[in-house]
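*Asks:* As a plain string of letters, each chain reads:
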Amino acid sequence: MSGVRVLVGTRKGAFILTSDEKRQQWDISGPHFAGWEMYHIKGSPADPNRIYASQSTGWFGQLIQRSDDGGQTWEPVGNEFAYDGTPGTHQWYDGTQHPWEFKRVWLLEPSLHDVDTIYAGVEDAAIFRSQDGGKSWHELPGLRNTKGDLWQPGAGGMCLHTIVQDPTDADRLFVAISAAGAFRTDDGGESWLPINKGLLSPFELPDKDAEVGHCVHSIAMHPARPDVLFMQKHWDVMRSDDAGGMWHEVSGNLPSDFGFPIAVHAHEPETVYVVPIKSDSEHYPPDGKLRVYRSRSGGNEWEALTDGLPQSDCYVNVLRSAFAVDSLDSCGLYFGTTGGQVYASADSGDSWMTIVRDLPAVLSVEVQTLP
Amino acid sequence: MIRVVIPHHLRRLTNAGKEVQLAVEGPVTVQSVLDALEAEYPMLRGTIREHGTGKRRAFLRFFACEQDLSHQPVDDPLPDAVVTGTEPFLIVGAMAGG
Numbered sequence: 005m006s007g008v009r010v011l012v013g014t015r016k017g018a019f020i021l022t023s024d025e026k027r028q029q030w031d032i033s034g035p036h037f038a039g040w041e042m043y044h045i046k047g048s049p050a051d052p053n054r055i056y057a058s059q060s061t062g063w064f065g066q067l068i069q070r071s072d073d074g075g076q077t078w079e080p081v082g083n084e085f086a087y088d089g090t091p092g093t094h095q096w097y098d099g100t101q102h103p104w105e106f107k108r109v110w111l112l113e114p115s116l117h118d119v120d121t122i123y124a125g126v127e128d129a130a131i132f133r134s135q136d137g138g139k140s141w142h143e144l145p146g147l148r149n150t151k152g153d154l155w156q157p158g159a160g161g162m163c164l165h166t167i168v169q170d171p172t173d174a175d176r177l178f179v180a181i182s183a184a185g186a187f188r189t190d191d192g193g194e195s196w197l198p199i200n201k202g203l204l205s206p207f208e209l210p211d212k213d214a215e216v217g218h219c220v221h222s223i224a225m226h227p228a229r230p231d232v233l234f235m236q237k238h239w240d241v242m243r244s245d246d247a248g249g250m251w252h253e254v255s256g257n258l259p260s261d262f263g264f265p266i267a268v269h270a271h272e273p274e275t276v277y278v279v280p281i282k283s284d285s286e287h288y289p290p291d292g293k294l295r296v297y298r299s300r301s302g303g304n305e306w307e308a309l310t311d312g313l314p315q316s317d318c319y320v321n322v323l324r325s326a327f328a329v330d331s332l333d334s335c336g337l338y339f340g341t342t343g344g345q346v347y348a349s350a351d352s353g354d355s356w357m358t359i360v361r362d363l364p365a366v367l368s369v370e371v372q373t374l375p
Numbered sequence: 023m024i025r026v027v028i029p030h031h032l033r034r035l036t037n038a039g040k041e042v043q044l045a046v047e048g049p050v051t052v053q054s055v056l057d058a059l060e061a062e063y064p065m066l067r068g069t070i071r072e073h074g075t076g077k078r079r080a081f082l083r084f085f086a087c088e089q090d091l092s093h094q095p096v097d098d099p100l101p102d103a104v105v106t107g108t109e110p111f112l113i114v115g116a117m118a119g120g
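Chain order of the listed sequences is P and F. In the working numbering, each residue's number is its place in the first sequence (first place is 1) plus 4. In the working numbering, each residue's number is its place in the second sequence (first place is 1) plus 22.
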């Protein structure tokens, strides 16, 4: 019987939520790694029993955990993330140059093709790759050569938080970095290109259409159309039809175009989801109503999805990695909040249920569709 | 044997309980004790001292015999009571919160 496994990272541990294909009854296991910040947990598309987890605290630093049995047991693997060569400097909050310093792993992106290959997005922003199942990590330094000296941390830190793989071309990756922008490689990470044309940041940057410096919050792609990208920027929801060559705004009738996650339906490439947040100074839903917005037209025209979600006095946030989509026939959606709730929809967002409501603040949500 | 008390969160990694006992070759110092600890429990590498620099992580402290040894040179000898195993060497998470 098919089913789903939802991997939830929180401020104080990880939780694994499982259900059959109906997604009405849930088993909850955890906390795993109790007391640790679990920024991201993700399974390998090449082998669903292989799961990687980013575990950290301010006291003890970074660990990477690996499971080979679907999350029942875990083993710490390599945790040394050394920048390639002399790390150099980037721009600091006060405009001076500041040395690159590793702080934590924000994101783990297992390869679509090889169970032992995995990418890590880290703070201070860089991309690392392991080709031995997480035992050793090596930076792909060409990314920081792409005007890295001009990158500047945003309020949340200078983190590489998004890695999107092109399923038709293993050498093509897209990444996004807070307050630096979006970048693409077409040669497996050797060289990178800023892909920020069309982005406008008049409230955040002195040069509103600068080549780098835009605060990209998340990028999503449908695997059947790898040249079409959707972006939730700090402000503005954007779309590119040429792999990031040019972006145009598709915010349309959203009540706010500020937000963090963005996702695409598993079977409908023009169906996109965002969670509007009031503003960059007020990180909660507009009007105290938690609403997922869905566009079935690739943007511009959006409808509020509210059935089963709190529609009064709700002041939680939904972080950039805390929204996931399964690939069952009736597409399922999942998201977690900073208030500790995890919501699920088994019908493409038409209706929602609360899987669990009192976890620590949710940092990330991923889902594995199991055979 | 040198007795080392490790903090709660790291015990979950070592699965070796609150206190571990280590044989240390040569002078017993912060450096040699931590070298021996990481050799016995390699999953602790990077959690007490930073990779690369080997510096103590900022929110950890080293105590023994009612003294804070966090700021002394890592090659200084540890107190005799630690060397003889009468007293443990404590690795402590610094207080946080208000």
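The hints are simulated quantities; they were obtained by calculation from the structure and are not laboratory data. One should not assume that every hint holds.
[As the list claims (entries may be wrong)] On the chain F side, residues computed to face chain P include the following (Cβ under 8 Å): (1) Ile24; (2) Thr36; (3) Thr69; (4) Gly74; (5) Gly76; (6) Arg79; (7) Phe81; (8) Met117.
[Unchecked claim] Distance ranges between label pairs, derived from CB positions: (9) F:Gln94 with P:Pro103: 43 to 51 Å; (10) F:Glu47 with P:Val119: 38 to 46 Å; (11) F:Thr36 with P:Asp291: 31 to 39 Å; (12) F:Asn37 with P:Pro52: 48 to 56 Å; (13) P:Asp118 with F:Cys87: 49 to 57 Å; (14) P:Glu105 with F:Glu60: 48 to 56 Å.
[Said to hold, decoys possible] The list that follows gives simulated cross-link-like pairs (lysine-lysine, BS3-like), each with its CA atoms no further than 25 Å apart: (15) F:Lys40 with P:Lys212; (16) P:Lys139 with P:Lys201; (17) P:Lys107 with P:Lys139; (18) P:Lys282 with F:Lys40; (19) P:Lys107 with F:Lys77; (20) F:Lys77 with F:Lys40; (21) P:Lys201 with P:Lys212.
Each residue gets a CB set at the ideal place from its N, CA and C atoms; glycine is no exception.
*Asks:* Now tell me if each hint is right for this structure.
*Replies:* Consistency of the hints with the structure:
no., hint, in the structure
1, Ile24, "violated, 21 Å"
2, Thr36, "violated, 10 Å"
3, Thr69, "holds, 4 Å"
4, Gly74, "holds, 6 Å"
5, Gly76, "violated, 12 Å"
6, Arg79, "holds, 6 Å"
7, Phe81, "holds, 4 Å"
8, Met117, "violated, 11 Å"
9, F:Gln94 with P:Pro103: 43 to 51 Å, "violated, 27 Å"
10, F:Glu47 with P:Val119: 38 to 46 Å, "holds, 40 Å"
11, F:Thr36 with P:Asp291: 31 to 39 Å, "violated, 50 Å"
12, F:Asn37 with P:Pro52: 48 to 56 Å, "violated, 26 Å"
13, P:Asp118 with F:Cys87: 49 to 57 Å, "holds, 52 Å"
14, P:Glu105 with F:Glu60: 48 to 56 Å, "violated, 22 Å"
15, F:Lys40 with P:Lys212, "violated, 55 Å"
16, P:Lys139 with P:Lys201, "violated, 37 Å"
17, P:Lys107 with P:Lys139, "holds, 19 Å"
18, P:Lys282 with F:Lys40, "violated, 47 Å"
19, P:Lys107 with F:Lys77, "holds, 15 Å"
20, F:Lys77 with F:Lys40, "holds, 23 Å"
21, P:Lys201 with P:Lys212, "holds, 11 Å"
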